[in-house]
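Modelling step: build the complete structure from the supplied sequences, incorporating the hints.
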Amino acid sequence: MSQSTPEAYRILAVDDDEVVLSLYRDILCLEMEGPRLLEALAETKGRNVTRQSGSGQGFDLTLCQTGDEAVRRAREALDEDRPYAVALIDVRLAAGTDGLDAAARIRALDASVEIVMVTGQADISLAELNRRVPPPEKLLYLQKPFKPQELRQLALSLCTKWHVERQYQEMSSILWRTVEERTADFERVKGELKQELAERTQMLARLRISEERYRQLFDEDITGNFVASPDGRILACNEAFARAFGFETPSHAIGFAISDLAFGTLGDGSVGVVLPAEGSVRNIETSYRRPDGSIVWLIGSFNGVFDEYGKLIEIRGYFYDITERRKLEERLRLAQKMEALGTLAGGIAHDFNNILGAILGYAEIVLDSAPSGTPLERRMQGIVTAGQRARDLVRQILNFSRQGGQERTPLHVIPLVKEALKLLRSSLPANIDIRLRLETSDDLVAADPTQMHQILLNLCTNAAHAMRDAGGLLEISLADEVVDEDKAQGMPSLTPGAYLRVSVRDTGHGVKQEILDRIFDPFFTTKRPGEGTGMGLSVVHGIVAAHEGAVTVQSEPGKGTVFHVLLPKTDAAAEMEPAPEIAPLAGGGRALFVDDESALVEIGLEMLKALGYEAEGFTDPEAALAHFSEYPARFDLVVLDQNMPRLTGLELAARLNAIRPGIPVLLCTGFSEAISAESLAAANVSDLLMKPLLRGRLAESLHRLGATGIPAVTS
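The UniProt record's numbering applies: residue 1 is where the sequence shown begins, and numbers increase by one.
Hints listed in this document are in silico derivations from the structure and should not be mistaken for laboratory results.
Backbone N, C-alpha and C define an ideal beta-carbon position, used for all residues, glycine too.
Each hint should be verified, as a subset may be incorrect.
[Stated by the list, open to error] Result set (PhoX-like, lysine-lysine): computed pairs, CA atoms no more than 25 Å apart in a straight line:
id : residue 1 : residue 2
1  : K559      : K512
2  : K337      : K327
3  : K337      : K311
4  : K418      : K487
5  : K161      : K147
6  : K559      : K327
7  : K327      : K512
8  : K144      : K327
9  : K327      : K311
10 : K512      : K337
11 : K418      : K569
[What the hints assert, rightly or not] Here are the simulated distance ranges between beta carbons:
id : residue 1 : residue 2 : range
12 : P645      : P429      : 31 to 37 Å
13 : S493      : Q513      : 57 to 63 Å
14 : L175      : A488      : 52 to 58 Å
Printed below as a string of structure tokens:
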């Protein structure tokens, strides 16, 4: 396309009114107005006319009466490379494609054409026009009737604009080709320069080495970069290196040997020995005790610089601080160890529960028959008391393994703390002062009150033990804490939200850092033999973790220790439920007792008989199922153990209910983590009892069954 102005701009006029088309022709091509237009109309009707405007510029006008014809003429103009500059299109066309559709189709064919929508009615908004015939910068709106001067000026302006844009596009294309040519020249020159630089490499080697050394040292402040002599003495280092090793400034590190800094890993002279042979040392993990006593873990890599004879002349390398990574790895190892110990503890607790069930059961039977006030009664009561303590220890183990049953309810912590402190005050020495500081009144959490009480007693007892010789201050404080996203990332057990912080602080002897890393390990203790089991803090850790919280510890030798327990708050309201009234027991019913331990079956039968039931017992769940299938109406109650071979308690309960729907079933288990409320409901279990099963607990369950409308016994 030529950049010169065309002799005549092409204009496409579309209107179903032939009079309007004639006006377009007369105004744009004949420069007539009034009566002269009518005279010229008769002379030029049916022909395309080219005119010269007052500025000397002509218009080549094409007239169409339908939208389809206009689209066809626009397509032909593009094929002939003689596109229209302007299209005057009536909005309302009588037949076929209407004006807006025709304009949209023409715009789709030719993005450059200037379109003017002409109408005698203002019933279409500009927004609608712009939406249907974009873009708005190439669309105008002309209201009928229009003046000849306005139409001529509009046509000339739009044609000139169209021509300027066409010139701009052509010039841009030429400019882009020029840029591409210049870019190719630049790439060629760049290649020549690279070749020239390569030829001068030998001459500039020393300058490049020096520049690279200092760029590596000071451009990035992430790794601790250094330069050392062949014997490993620091010649230069950056701020990150100085910070990692605890030097005030980089100059304080000058002259120190790498083997002194990375003690226990490289050894005396090892760098000078390894580098000449290997050329580099990669990813050495080492630790260093800073002057302030803190330990930093680092990973380092070194490269040797050799002269032309292969002699080591310089060592370059970096250390990267991986202390936080090591801490996270230690936490992960601890979590894995706690998980493994928890699995082991759950299995041991199950066996203990069966043994304790037999001991406590037989002891209760003998105690019932022992004469009051006799040594036999006293001794049997001692056995029962010892068994109950052992049961509590098993519960601690289950809590540690996260298999203990938890009944979380909305709980106000402040009253519980005050109650625990009353118990502590009577058992602590007079030289230990107890102080309670409340910095919040929003103390509602979802928790098991017994376990919260255990947390407080364990932490406070531990703190009191640290002050048993010299006395001191035991301070318990409650405050609000908000855990944001950043803090939650550093404590994976937490999610962002509002927490209640319970802190237990003492002014005792404090704890060393190496002990803090193991303080929550089960069976780990710093107490003398006989003073502790090493389970207290591990139980605290297990309980807090089970409540979706976290426990941390801070300590400084000689200044004391503080434990922070974070518990998520709840919006649920704490409700005090009245104690249910227990209905009296009725006798004369028949019960089925099933447990794979024969001793527990014997004890269970004795308990049921003492509570007024006739009872039958089985150690084989399949035999019990067969017997029940034969005599389903004989039994009024079923007591099942959960963990049995071939059939679990839940499976047996479901089958018994299939035979006789609605029969009350009590399920006994040593741990309830694998038993959900849904599975209990699916098997129609009436109540869940924790082992070891005691007669009093069984009696309470039977009372509840009677209170809820399920008959405990029938005649």
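Now for the hints, and whether the structure bears them out:
1. K559 to K512: holds (11 Å)
2. K337 to K327: holds (15 Å)
3. K337 to K311: Given that 25 Å is the threshold and the Cα spacing comes to 50 Å, the pair is violated.
4. K418 to K487: With Cα atoms ~30 Å apart, K418 and K487 exceed 25 Å; violated.
5. K161 to K147: holds (21 Å)
6. K559 to K327: Between K559 and K327 the Cα gap is close to 24 Å, so the pair holds against 25 Å.
7. K327 to K512: Holds - the C-alpha atoms of K512 and K327 are around 16 Å apart, at most 25 Å.
8. K144 to K327: Given pair K144, K327 is violated - Cα atoms ~82 Å apart, limit 25 Å.
9. K327 to K311: The given pair, whose Cα atoms are some 40 Å apart, is violated under the 25 Å limit.
10. K512 to K337: Status holds; Cα separation ~22 Å.
11. K418 to K569: holds (19 Å)
12. P645 to P429: 31 to 37 Å: violated (53 Å)
13. S493 to Q513: 57 to 63 Å: This hint is violated: roughly 22 Å between Cβ atoms.
14. L175 to A488: 52 to 58 Å: holds (55 Å)
When held up to the earlier numbered hints, the structure conflicts with 3, 4, 8, 9, 12 and 13 and fits the remainder.
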